[in-house]
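K.L.:
In case you want the letters, here they are:
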Amino acid sequence: MTLPSRRIVGGLALLAGIALYGNTAVAAEGKLYPSGPPNGVAYLRFVNLAPQEVTITSPAAKLALPTDEAHRAGEFDPVPPGVALTGSAQLGEATKPINLTLAANEFATVAVSADGADGVTLTVFRETPSDFNALKSSIGLFNADKGCEKAQLVAGDNHQTVIPDIAPGATGRRLVNPVNVALGVACGDPAQAVPAKLGQLSAGDRYSVFVVAKGSGHDVVAVRDEQAPFRP
Amino acid sequence: MTMSALLAGLTILVIGDSHMVTNGYLITTLHDKLIEQGATVDTYGMCGANAGDWVYPATVSCGKAERVGKESPDIDRKPSTPTYQVDALIAKSHPNLIVIEMGDTMAGYGQHDFPQAWIYQQVHALTGRIAAQNIPCVWVGPPWGSEGSSYHKTFDRVKEMSEFLATAVAPCRFIDSTQFSKQGEWPTIDGQHLTNAGYKAWGADIAASIDQLAPQVAKRP
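Residue numbers (my numbering), protein chains in the order written: chain C, 243 to 474; chain L, 10 to 230.
Be aware that one or more of the hints could be misleading.
To be verified - Derived coverage of chain C by chain L (criterion: at least 3 residues anywhere in the stretch with Cβ under 8 Å from a Cβ of chain L; other residues may be distant):
1) 345-359
2) 369-375
3) 419-425
These are calculated hints, taken from the structure and not from any lab test. Please read all numbers here as calculations on a predicted model, not as lab measurements. Quick reminder that beta carbons are idealized off the backbone N, C-alpha and C, glycines included.
With these hints in hand, go ahead and build the complete structure from the sequences.
P.N.:
Following this line, the structure appears as structure tokens:
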């Protein structure tokens, strides 16, 4: 099975298994048709920041996240708010439980990295974004490196700060103009920033830059956010 | 507002929700006004449809309608009918301009939380499809409607939705329908759908706005 189709199959299985959320448009009793998701919607994605494949298991399905840059971040899948979402993340022989309950409009990112005493760490980043703007690009900085006290997203040759001082386990997000600019992530000296390769930013699109420990330094994973459609 | 012939020679594809699916609604009033101004117009409406329904095949449960050129509206009230897909409509009409009327089906009336992330995904999916074909577009937001109905439409949520759409619909230009009337000025039959007089006024105001925007956005053949 090729990676793209595995990702699609895995994503659909996750959607069916964890969420069972969404269907074709159906009229609600008492009025002609619904207006938006009747019970609200939240979004959940998994990101592999480890050097080997990660398997996410829900009560109903499995999702494999490979290590290649194009597929290590899953889509934001719609999930029901206020409902416990359980499962596990496996990296090699190590497994960590997942137990999350999201609020309406919340976006959660579960990042799996190969560190910690047992060789796997889950970092849950929660956002409730309100910066949707079709004329701008939105970039989020997610710090999954416990050794990086203040992660900074910087831009250009002069390392201008785009997002400052994100603590480990935290995230920051900012709207920027949709340009093609060299971005990087620094933990300390901006001149030592590791490139975050997003290329030409598109208006209206959203992006995520992850910082993860690598040896004595850090590595960066940069992706465009994808949001799976939800049909109330 | 006076009309000009700035739309002459344009082919306009109009798509929308239930405000387009009954005789006397926008499928009549807006369509006729655009033709009056010289445009060739095809209108398609799907009751209860969200923006994503024009992109991802689904079914609608309360009807759909189409009106091609100067023909009469063809209204399908079957309880389950496949959705129109915007790519197919573009291929059929070859429009210079697309007009999207949508908002009420996505605003989350009756819900505490405004579902902006979901709305944005829906809107972005549709505008992305149109932008990929490099066709100019305008997006018409919802009118005030009436409060206290089973639709749970409120003036506050209509305002919130209109302000959100204004930031979310680019590269489409946004037409804010709340600017056309005062709250409660256009009576409704059910909280959401206007009287025929209301649809006449709304259709005329939208057409006038398109008339003003067309020189800036429409691609001439």
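K.L.:
Would you mind marking each hint as holding or not holding in the structure?
P.N.:
Structure-based check of all given hints:
For the stretch 345-359 of chain C, the assignment as covered by chain L holds, since 3 residues bring a beta-carbon within under 8 Å of that chain's beta-carbons and 3 suffice. Given as covered by chain L, the stretch 369-375 of chain C passes the check, having 4 residues with a CB less than 8 Å from a CB of that chain where 3 are the minimum. Counting residues of the stretch 419-425 of chain C whose beta-carbon sits less than 8 Å from any beta-carbon of chain L gives 0, not enough to reach three: the coverage restraint is violated.
The structure is inconsistent with hint 3 alone, although it conforms to all the rest.
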